[in-house]
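All chains should be built: construct the whole structure from the sequences, respecting the hints.
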Amino acid sequence: MTALGALVRKDLQIFFTDRRAVVLTLAIPIAIASFFGSLFSGAGDQEQARVAVAMVDQDGSGLSKRLVEATAADKALAVTSRTLEDARAAVLAGRLSVAVVIPAGFGDTAVRAFIGQGRNADLELLTDPSKGAEVAMVRGLLTGHLMGAVTQEAFTGTSSQRLLDEAIKSLEAGTMPADQSALLRRVFESVQALTRSQQTTGAPARALTVPFDLRETQVSGLPLRQYNGYAHSFAGMGIQFALFAGIELAAGILLERERGLWKRLRSAPLSRTTLLLARAISGTVITSMTLLVSFAFAWAVFKAPIGNMAGFLAVAVASAIMAASFGLLVAAVGHTPAATRRAAMFVVLVMVMLGGAWVPSFLFPAWLQRLTWLVPVRWAVDGLDAMTWRGLPLADALVPVGLLLGFSALCGALALWRFRWEEA
Amino acid sequence: MLDVRDLRKSYGRVAAVDGASFSVEPGQLVGLLGPNGAGKSTTVAMIAGLVTPDGGTVAIGGKPLSGDTDPQKRLIGLVPQDLALYEELPAAANLRLFGSLYGLTGRALEDAIGSALLLVGLAERAGDRVKTFSGGMKRRLNLAAGLLHDPQILLLDEPTVGVDPQSRNAIFENLEFLKARGKALLYTTHYMEEAERMADRIVVMDHGRVLADDTLAGLRERAGRDAGPGASLESLFLAMTGRSLRD
Numbered sequence: 001m002t003a004l005g006a007l008v009r010k011d012l013q014i015f016f017t018d019r020r021a022v023v024l025t026l027a028i029p030i031a032i033a034s035f036f037g038s039l040f041s042g043a044g045d046q047e048q049a050r051v052a053v054a055m056v057d058q059d060g061s062g063l064s065k066r067l068v069e070a071t072a073a074d075k076a077l078a079v080t081s082r083t084l085e086d087a088r089a090a091v092l093a094g095r096l097s098v099a100v101v102i103p104a105g106f107g108d109t110a111v112r113a114f115i116g117q118g119r120n121a122d123l124e125l126l127t128d129p130s131k132g133a134e135v136a137m138v139r140g141l142l143t144g145h146l147m148g149a150v151t152q153e154a155f156t157g158t159s160s161q162r163l164l165d166e167a168i169k170s171l172e173a174g175t176m177p178a179d180q181s182a183l184l185r186r187v188f189e190s191v192q193a194l195t196r197s198q199q200t201t202g203a204p205a206r207a208l209t210v211p212f213d214l215r216e217t218q219v220s221g222l223p224l225r226q227y228n229g230y231a232h233s234f235a236g237m238g239i240q241f242a243l244f245a246g247i248e249l250a251a252g253i254l255l256e257r258e259r260g261l262w263k264r265l266r267s268a269p270l271s272r273t274t275l276l277l278a279r280a281i282s283g284t285v286i287t288s289m290t291l292l293v294s295f296a297f298a299w300a301v302f303k304a305p306i307g308n309m310a311g312f313l314a315v316a317v318a319s320a321i322m323a324a325s326f327g328l329l330v331a332a333v334g335h336t337p338a339a340t341r342r343a344a345m346f347v348v349l350v351m352v353m354l355g356g357a358w359v360p361s362f363l364f365p366a367w368l369q370r371l372t373w374l375v376p377v378r379w380a381v382d383g384l385d386a387m388t389w390r391g392l393p394l395a396d397a398l399v400p401v402g403l404l405l406g407f408s409a410l411c412g413a414l415a416l417w418r419f420r421w422e423e424a
Numbered sequence: 001m002l003d004v005r006d007l008r009k010s011y012g013r014v015a016a017v018d019g020a021s022f023s024v025e026p027g028q029l030v031g032l033l034g035p036n037g038a039g040k041s042t043t044v045a046m047i048a049g050l051v052t053p054d055g056g057t058v059a060i061g062g063k064p065l066s067g068d069t070d071p072q073k074r075l076i077g078l079v080p081q082d083l084a085l086y087e088e089l090p091a092a093a094n095l096r097l098f099g100s101l102y103g104l105t106g107r108a109l110e111d112a113i114g115s116a117l118l119l120v121g122l123a124e125r126a127g128d129r130v131k132t133f134s135g136g137m138k139r140r141l142n143l144a145a146g147l148l149h150d151p152q153i154l155l156l157d158e159p160t161v162g163v164d165p166q167s168r169n170a171i172f173e174n175l176e177f178l179k180a181r182g183k184a185l186l187y188t189t190h191y192m193e194e195a196e197r198m199a200d201r202i203v204v205m206d207h208g209r210v211l212a213d214d215t216l217a218g219l220r221e222r223a224g225r226d227a228g229p230g231a232s233l234e235s236l237f238l239a240m241t242g243r244s245l246r247d
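Sequence lines, in order, name chains A and B.
So in our numbering, spot 219 of the first sequence is number 219, and the numbers just go up one at a time.
So in our numbering, spot 77 of the second sequence is number 77, and the numbers just go up one at a time.
There's no promise every hint is true.
[Said to hold, decoys possible] Once the Cα atoms are required to be at most 25 Å apart in a straight line, the calculated DMTMM-like pairs of lysine to aspartate or glutamate come out as: (1) B:Lys131 to A:Glu256; (2) B:Lys131 to A:Asp213; (3) A:Lys131 to A:Glu172; (4) B:Lys131 to A:Asp11; (5) B:Lys131 to A:Asp74; (6) A:Lys75 to A:Glu134; (7) B:Lys63 to A:Glu422; (8) A:Lys65 to A:Asp213.
[As the list claims (entries may be wrong)] To give an idea of the chain A side of the interface with chain B (calculated C-beta under 7 Å), a few residues: (9) Gln13; (10) Ile14; (11) Pro269; (12) Thr273; (13) Ala409; (14) Arg418; (15) Arg420; (16) Glu422.
Hints listed in this document are in silico derivations from the structure and should not be mistaken for laboratory results.
Quick reminder that beta carbons are idealized off the backbone N, C-alpha and C, glycines included.
The following block contains the structure:
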């Protein structure tokens, strides 16, 4: 066996000697990725978590009742009716994201505003400041339901005839030019006639409505498959733990130095490249194995798809090389194993955060999103996503693989340059 | 066999080794003595190729040593002061690795492992992990790892630190055996009695310089002249290097 092979075999022997450590190395990323996957895996066959909303109806009008009914029927919302005090206390305690307060007189004011007679109605939202995303979602849904309810109430509601009569009278007293006033009056009278006719014949009340339905099609290269959040979470956590393995590689090198082993290795007729390359190879093998076992688990247990096996293997191995070369660089600039572990852990956590492994990067500010392209974790996670649940072709793995290998080459060169070779 | 000429190494403004010269012939054990910080370890590190000298030469069999991959390094065996062993691995696995680094393979490697373990009395513990060994056993295995590839020159950096008298005696016997086989041994130690017992010649260093390079008899004669009749090697050593404490 060559010296390089012997050095690689030694590292693998040491790794597999501690069976408890091996099991933990494999089990911890699987456990954490499974947890995150369960959070972000989408609805699937399970019931989706709903946003808790309270409706405080102080109006009791036809319009307010329509609005409460429409929000209660929304599958994204868990609606309860409460008093104002209860609702405010629940939002304050974090049990509710939003409370919608419909004040007295809201129905009449809103319909009048809809037909151009008077100011807009006020609708108050009591919101939990820590749940901005949920509040934004409720605001959007509420706008849609409100437009539908106002339109229905204005054309077919119980207060419709009365409010249209008021509107016609106000036209007579208004300042609108006579020809325009006559046209608008005709519109209002037509609506009244339509409503009366429908009430007389018992035909279903039809009027202006929201004119579209949304139909969602999930776009991925894998036909007839739903988004599988486990594939993404295993990618993110897999890369995070690959980098942790890189830190352990660095700590191992520094420990060898502390124990005087590096002196024995350096006294042999071996090149510096051979010594570092051996660690890079063994680190790559161990990290690749960890990634593959994790994804095999995700595939077997959570049905996480591997869209393109060749591309997946290419990205996984390139990610493992990146993590190992990162470990070499850490060893080159580190001093003691303990201090190096702490400093490198901070760097890895920042890289993982910026890479979108924890929080989707679209939540970041624009400047930070641009910065993520400098972080290899982003390429690794994007590459694994592309080759797993997105089901993209092998060609889409080439850029991530190229960038990961480029980063690896840079780390390796810096490690070779900065490594403390003198062993006095 | 080993010829060190005008070797120099500085760290910043501090000259760790300042023009050291000496040689070690086949079948000879040279004791390298000196207080802490004298430059012994740096000298050994330069001979082993662990540190690049600022000046001077290290020649093996007349050929200067140069570069990490110089094949001449195969002629050198290093026994570092630290127990440079992988404690998680069995003794044989350690030796298999270290032998492979010097190009040993197959039957030759296994034979060398067997011989080395037999020499240091650990043949029956070949399959046991090093972490189960006593301090003395680890020291003997440390020695075995250094001579596995049958080097012509053995650099021993305080190889008996922290071992019991039995293991130390066993190591001395090993070294006598190697000397008898014509190996050139350079032995650094703080123990004067070890140097008196083992060394054919003694090199005394301090502040990076060689203060004395002579046989034990020559040094005793010098000690008698300087410190009076019957003066010991230790009294001569203290006379040359002073009595102030070194850290």
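Hints, one by one, checked against the model:
| no. | hint | verdict |
| --- | --- | --- |
| 1 | B:Lys131 to A:Glu256 | holds, 15 Å |
| 2 | B:Lys131 to A:Asp213 | violated, 71 Å |
| 3 | A:Lys131 to A:Glu172 | violated, 49 Å |
| 4 | B:Lys131 to A:Asp11 | holds, 17 Å |
| 5 | B:Lys131 to A:Asp74 | violated, 66 Å |
| 6 | A:Lys75 to A:Glu134 | holds, 14 Å |
| 7 | B:Lys63 to A:Glu422 | holds, 22 Å |
| 8 | A:Lys65 to A:Asp213 | holds, 22 Å |
| 9 | Gln13 | holds, 6 Å |
| 10 | Ile14 | holds, 5 Å |
| 11 | Pro269 | holds, 4 Å |
| 12 | Thr273 | violated, 9 Å |
| 13 | Ala409 | violated, 21 Å |
| 14 | Arg418 | violated, 16 Å |
| 15 | Arg420 | violated, 11 Å |
| 16 | Glu422 | holds, 5 Å |
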